[in-house]
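Trainee: Now for the letters of each chain:
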Amino acid sequence: AAGVIQSPRHLIKEKRETATLKCYPIPRHDTVYWYQQGPGQDPQFLISFYEKMQSDKGSIPDRFSAQQFSDYHSELNMSSLELGDSALYFCASRHYPHSPPYYGYTFGSGTRLTVV
Amino acid sequence: AQKITQTQPGMFVQEKEAVTLDCTYDTSDQSYGLFWYKQPSSGEMIFLIYQGSYDEQNATEGRYSLNFQKARKSANLVISASQLGDSAMYFCAMRGLQSNFGNEKLTFGTGTRLTIIP
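So the sequence lines, in the order shown, correspond to chains A and B. Mapping to my numbering: the first sequence position 48 is 961, numbers consecutive. Mapping to my numbering: the second sequence position 16 is 166, numbers consecutive.
Read the hints as simulated data drawn from the structure, not as lab findings. All residues carry an ideal CB built from backbone N, CA and C; glycine is no exception. One thing to keep in mind: the hints can contain errors.
Stated by the list, open to error - Not the full set, but computed from the structure, chain B residues with beta-carbon under 7 Å of chain A: (1) G193; (2) K255; (3) G261.
Isolated chain A, as found in the complex:
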């Protein structure tokens, strides 16, 4: 079965550089969520999109922006990178209102961003 695809899997950037993370949801999933998981931390919600519109916003820095495109894939753009941005970035998708059998989310494998 098709899963959520995130690219790249690993990314190394220098401070003050920019990075773009991509997420391709499961076909027919119309909702995408982005999470940031710092080392040894629990995932923190950044932002979500439903039908290409931003649906919710969490603790996302102003240096970050995101959008969902007409094919439902989403991109997280990160500028002026800081050392503290080093984390595992997850994308999850689901079909609203719910995706049986477990009404849950399918996570991608994540992008591990290292800022040096």
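Could you slot chain B onto chain A? The hints should help.
Mentor: Just chain B, lined up with the frame of chain A:
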């Protein structure tokens, strides 16, 4: 606001024994969903089990079961007959089920690192 509390930072369990991972939650939502995810060292987030707040029976998925006690606001994960491959980080998470999109995101606990000992 929703809050998930996992009070066990780490656990060591002998192989083939059963293990219970604790999770308590706090929410003002009338309906909500509770999830457990497994995160091995490779980093991916693997869905294990789901419990809806109005489900009358505890959820089960193979060796995983969820001990749901609504009045106590707890949703403990029980893994029967643990295996070496169960060693991982385990996260409890919650989602509101209202139509307001603001409740649709998952809120995670801090996780429990489970280590299975041969």
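Trainee: Which hint numbers does the structure go against, in order from smallest to largest?
Mentor: Going through the list in order, the structure violates no hint and respects every one.
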